[in-house]
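K.L.:
As given, the protein sequences belong to chains R and V, one line each in that order.
The numbering of the first sequence is the numbering used here, which starts it at 210 and goes up by one.
The numbering of the second sequence is the numbering used here, which starts it at 210 and goes up by one.
Everything labelled a hint here was simulated from the structure, so no lab data went into it.
Not one of these hints is a red herring.
Straight-line C-alpha distance at most 27 Å; calculated DSS-like pairs for lysine-lysine:
#	chain 1	residue 1	chain 2	residue 2
1	V	352	V	366
2	V	341	R	321
3	R	366	V	237
Derived list of chain V stretches under chain R, where covered just means 3 residues or more per stretch with a C-beta under 8 Å from a C-beta of chain R:
#	segment
4	239 to 248
5	252 to 258
6	268 to 274
7	323 to 335
8	352 to 365
Per label pair, the in silico range of CB-to-CB distance:
#	chain 1	residue 1	chain 2	residue 2	range
9	R	331	V	363	42 to 52 Å
10	R	354	V	233	22 to 32 Å
11	R	306	V	344	27 to 37 Å
No residue lacks a Cβ here, since even glycine has one placed at the ideal position from N, Cα and C.
2 protein chains.
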Amino acid sequence: MSVTDELLANNAAYAEQFSGPLPLPPAKHVAVVACMDARLDVYRILGLNEGEAHVIRNAGGVVTEDEIRSLAISQRLLGTREIILIHHTDCGMLTFTDDQFKRSIQDELGIKPSWAAEAFPDLDEDVRQSIKRIRDNPFVPVKDSVRGFVFDVATGKLNEVV
Amino acid sequence: MSVTDELLANNAAYAEQFSGPLPLPPAKHVAVVACMDARLDVYRILGLNEGEAHVIRNAGGVVTEDEIRSLAISQRLLGTREIILIHHTDCGMLTFTDDQFKRSIQDELGIKPSWAAEAFPDLDEDVRQSIKRIRDNPFVPVKDSVRGFVFDVATGKLNEVV
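Put together the whole structure using the sequences plus the hints.
P.N.:
Spelled out as structure tokens, the structure:
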């Protein structure tokens, strides 16, 4: 049995307890952008219930064009007004460079990705970079509350980057 | 108090109960790509524990360049081998078109995004589209298990798209 099949069996149990449906727009009007890291259970970390916040995630929790797209849709069509950015300690993105990653792919496949891998050497600096990318973008309209944090995978605590 | 401050108070309670740290690589070697929709608590839907799977999310749960970037890092550097795609019923992406969304931005700001909004009129078709984008991409190496689902927000059930 694949892991996917195992998780589908879990879903059958989840569906048995399920009470829905909830409304589409996030009840707390918040969008979270976090790293894809397996240790970040964003709903538990922030005490979110289903239906309360958009959750956007990728490698690093960085802000690229696709996060701008998601945030623009989140704010313009579904009424979110606060943004929470979450990076975390012990992140894989600290362990390589774009040049290394892209060279290893080029050496293996003969093709180099035209996109940036978005690796970074410093967590706080990259959180500030992500905040700036949002602040400088015209398509995300509401910027009154754009705050960035580093989740500590040893303590479970969010530490704000200022 | 902002919602962000309220969620930070929740995090303090979470950290009090926290037992960590867990290892970096996902224990179940799975990456999930799901919509950012607030009703999708991916860990609960799939019965995932912290540390088990990468979770990538955006507006629609579509596969764009940033999801390829995240999946490439997930598989090449952190050893995931199965991919689960999750769209869902009552999705906001069914309620508009790229042309409408971009025109409304252009009318308001005078600038049109150069990116696609990735709206779609048919859930199953878009799940298949996302699977195909992964299958056709050279940078995601492991494609033995790439399966797509529509989460029913009324029942909590994942229905596979074939």
